[in-house]
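In order, the protein sequences belong to chains V and Y.
If you're matching positions, the first sequence starts at 1 in the numbering used here and goes up one per residue.
If you're matching positions, the second sequence starts at 1 in the numbering used here and goes up one per residue.
Simulated from the structure, these hints should not be mistaken for lab results.
Hints are not guaranteed to be accurate.
Stated by the list, open to error - Distance windows between CB atoms, simulated:
hint, chain 1, residue 1, chain 2, residue 2, range
1, V, D33, Y, E46, 45 to 53 Å
2, V, D33, Y, G100, 54 to 62 Å
3, V, R65, Y, S61, 48 to 56 Å
4, Y, E46, V, L113, 24 to 32 Å
5, Y, K140, V, R63, 51 to 59 Å
6, V, L116, Y, Q26, 46 to 54 Å
Note that the structure is a prediction, hence the values are computed from the model and not measured.
C-beta: ideal position from N, C-alpha, C; glycine also.
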Amino acid sequence: MLSYGEFMENLSAEDVRREIHRFWAIFSGKLTDRIEEMYSPTALAFTGKAKRSESAKLIAVRRSRRLQGGMSSSSVDEGSIDVQIVGPNVAIAAYTYTYRTDKARADGTKEQLETLFGRATQIFQRDEAGVLRIVHEHLSATANPDVKKPTG
Amino acid sequence: MNISPEEVRAEVRKFWDFFSRKSKAQFAEMYLPSATVFAVDSRRIELARLMLVRRERELFSPASSVAAKLGPVDVQLLAPDLAVASYPFHLSITRALPGGKSYYAEVPSGRATQVFQRHAIGVVRILHEHMSSAEPVTVKELPATGSPAPAPRL
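Looking at chain V on its own, in the form it has when it is part of the complex (with noise of 0.2 Å):
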């Protein structure tokens, strides 16, 4: 009987820039997965201006309730994605971004919202299925986003 490791294939670089991209392709609306469902249970996230790592499961459910309400449109950038392989099964991924989102506000004006210097850490590790999954993330920006007034 082969374990695990025996009949998995090794991961790859290639598999880490797919997952990343189905990352910000759901975090920008584009498609219709659940992000929670891309994080391990037990995975921890520094982002937005939190100042403690929280549980990237919560953060993964208050980032879906967001794409779920009043935003109407979101792009992404990313840079060029770094991968260090660092095990049969864990991968390290930092990249730079660029996220831009308008954001309907409450008397139906809308606002965009620019996320200029964004920097992305995220540490994938391959579950007991098999399933790349993200296990620690850390989002940053090193300006506080651009906001443009709102149009109607």
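Could you slot chain Y onto chain V? The hints should help.
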């Protein structure tokens, strides 16, 4: 020997101890040569060896100082030889420049992710580091005594 949370926390403490004591060689030895780093205020990922040259030039001079207070360190064990440490920190830096100007920078709500791996010789090293600030970093110029110089990078 499997890497343990206690060992990772000890490495994190060593890291900040070497940084604040400006122990250049020991600080540099904490990184794998191929390690990658997001510094607090860097817009791009850089190789640790380049970051080390910059930190040595800007922060390890005799008149510069670094002080850090760490919050609780979470450790995730990903493999027998691999662990991720994540924790908040408060960082204060004074940088004295050769021209006489000094700057004081404060990172009140720093956040660190450091990935550690044990290598064949048994030593634990940093493979990747991501530091950021949940609040804007404040940089103040201290009373000037010389020519203008660029503000410090962290």
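(message) 48 to 56 Å was suggested as the range; check whether the CB atoms of R65/V and S61/Y agree with it.
(response) Roughly 49 Å apart at Cβ, these two residues keep to the hinted range, so it holds.
(message) Taking the Cβ atom of E46/Y and the Cβ atom of L113/V, is their distance within the range 24 to 32 Å?
(response) holds, 27 Å
(message) A range of 51 to 59 Å was offered for this pair. Does it hold for the Cβ distance of K140/Y and R63/V?
(response) violated, 36 Å
(request) Mind checking the hinted window 46 to 54 Å against the Cβ distance between L116/V and Q26/Y? (result) violated, 36 Å
(request) Check the following: the C-beta atoms of D33/V and E46/Y are separated by a distance inside 45 to 53 Å. (result) Given a distance of about 33 Å, which is not inside 45 to 53 Å, the answer is violated.
(message) Between the beta carbons of D33/V and G100/Y, is the distance compatible with 54 to 62 Å?
(response) With a Cβ separation near 57 Å, D33/V and G100/Y satisfy 54 to 62 Å, so the hint holds.
In the structure shown, a violation is registered for the earlier hints numbered 1, 5 and 6, in ascending order.
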